[in-house]
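S.K.: Protein chains in written order, with my numbering: chain A, 3 to 349; chain B, 539 to 787.
One thing to keep in mind: the hints can contain errors.
Unchecked claim - What follows is a set of in silico ranges between Cβ atoms, one per label pair, in the way DEER data are often shown:
#: 1; chain 1: B; residue 1: 718; chain 2: A; residue 2: 124; range: 57 to 65 Å
#: 2; chain 1: A; residue 1: 265; chain 2: B; residue 2: 660; range: 36 to 44 Å
#: 3; chain 1: A; residue 1: 124; chain 2: B; residue 2: 566; range: 44 to 52 Å
#: 4; chain 1: A; residue 1: 112; chain 2: B; residue 2: 659; range: 36 to 44 Å
#: 5; chain 1: A; residue 1: 302; chain 2: B; residue 2: 624; range: 35 to 43 Å
#: 6; chain 1: B; residue 1: 624; chain 2: A; residue 2: 124; range: 49 to 57 Å
#: 7; chain 1: B; residue 1: 675; chain 2: A; residue 2: 112; range: 40 to 48 Å
#: 8; chain 1: A; residue 1: 208; chain 2: B; residue 2: 718; range: 26 to 34 Å
#: 9; chain 1: A; residue 1: 104; chain 2: B; residue 2: 601; range: 40 to 48 Å
Claimed, not checked - In silico DSS-like cross-links for lysine-lysine, where the CA-CA straight-line distance does not exceed 25 Å:
#: 10; chain 1: B; residue 1: 777; chain 2: A; residue 2: 9
#: 11; chain 1: A; residue 1: 205; chain 2: A; residue 2: 219
#: 12; chain 1: B; residue 1: 658; chain 2: A; residue 2: 15
#: 13; chain 1: A; residue 1: 283; chain 2: A; residue 2: 41
What the hints contain is simulated information worked out from the structure, not anything from laboratory work.
Keep in mind that this is a model prediction, so the values were computed, not measured.
No residue lacks a Cβ here, since even glycine has one placed at the ideal position from N, Cα and C.
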Amino acid sequence: MGAPGNKVALYLKRRARWSPLEIAFWFFAFATIWLFPGKYLILKDTAILALFALSLDLILGYAGIISLGQAAFFGLAGYFAGLVAKHGIITEPVIALVCAGFLAALLGFITSFLVLRGSDLTRLMVTLGVSLMLGELANRYSDITGGADGLQGVEIEPIFGRFRFDLFGHNGYVYCLIVLFVCFVIVRRIVYSPFGLSLRSIKGNTLRAAAIGVPVKWRLVSIYTVSAGVAGIAGALLTQTTAFCSLDVFSLERSADLLLVLIIGGTGYLYGGLIGAVIYKFLQDWIANLTPQYWQFWIGLVLVVIVLIGRERMSGWIGSVRALLARLATRFFPRSLALRSASPEGH
Amino acid sequence: MPILQTIGLEKRFGGILAAQNVNLAVEPGARHALIGPNGAGKTTVINLLTGVLRPTSGRIELEGRDITGLLPHQRVRLGMARTFQINQLFLDLTPLESIGLVISERLSTGADWWRLVGSKSAVTDEIVEIVERFRLGDVMHERTAILPYGKQRLLEIALAFACRPRVLLLDEPAAGVPEAERHELLATIEALPKDVTVLLIEHDMDLVFSFAQRISVLVNGALFVDGAPDEVARDPRVKAVYLGEELDA
């Protein structure tokens, strides 16, 4: 049985191979450090938004759990990172970041049992409710959190005691980018594991997943916990790179932005949150420069157009453009293409 | 001793008795068919057997063990798997991924989160075996959603088979399969290993009489006749109630 078994194994493993497009994506992402030195601020915000969106994609795109409450984890970890730095409890930023992630994951684990009951609408309301409650708690205990004024006097020590958060935001951006990349690699590994496959089966057909022996509830609890941890890391990054944290980390708008990002970028292939975050941030920046007061009108218009046209149709257009290019290529370079289709890998 | 047995099984929906005093005994290795006209309660019985529904009264035993109170996935672990009358597949996954998933869950490696899919040879070897048995080789890399209906029907059975059941419940496996793809499906069902007990719920009389060694007829929620195919075919009551209806229809 060995040989065909190996072929199947090879095929299955190939799904997880880094494609040239992915490598180019990350190559370009890191190249921005040198390409756009004047844009660190928006780049950094984009990286944080991308990580945050990745956390939602993990539950929405892979497990089919819709949520309006990712801000709960973002905010909790954000305040945690601010407080431990302010009071000198954990001064090294990376250690604080990891701890903040674990704290958010713990909250995710506890609240997952509420979220997993019921339908999509119930989930939206429960997740929203949890983040509203946390936001109000932060408001109520203003002696700890600073309340409406935000958490003042946070000082972040240099990373590993060496890399200081400079005024231009260079180190801050590099830090965010590296954290984004590390989290991405971990998440990518998870979704290409048997565990990740079982999540997709639950999303695809819960009835059948249970009928073949997948413990549906525990798989969902696990991924919700992981997702909360990633959202928490994004929140802690924001606090650390701005040395500030305010109540708006818990806001509904923050969770809603994430859905917009994923609507723009698409779900279930990991890059949706990243690409969506880039488009969203730069669109916002560009339109805000054109019409500082009314930029949300144009963002709204773009969203309506995207949803009405539908992603499928758009990727269809990209497909037909690609087909056109291929046809042109055959006309101009008939031989090279013939060679390529003759090779075993060619298509 | 029967491998699957129901004793006085009864299911009531409000005032309607969907199953009454059903005493079904399936012998190990049997090719057993459960037939009956529309609305006879066949689907109710399969839902009771698999644990989707709880009986109002009565008992279900698998290999002598009382499983009446167990959940569906617990029954799967004990060796009873089913297919669905309407396909229940993972449309975004390929047959290869779907079958691998089932095997992985059975071997308790389905929760591995730091291992790549395809890195366990126990799983991949078994995938090959099942893909061949169910003639899915030529479509194993395609998304399930775009497979021809006959192939989807085969995959439906393959997923249940990959659970390595001792008892396999096939709920109208040939329903809706076009003539051209029928032969492949029937031949595959025919070739299921002899040590797997098969309980077939079916409308299609050709399939029932060519496949089953024993037939139980269900009418109005009760077992009507139970016997070898030729006995059942000769039984005047069956002719009147069942085949007569078929002819009229």
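S.K.: Looking back at the hints listed earlier, which ones does the structure fail to meet?
M.R.: Structure breaks hints 1, 6, 10.
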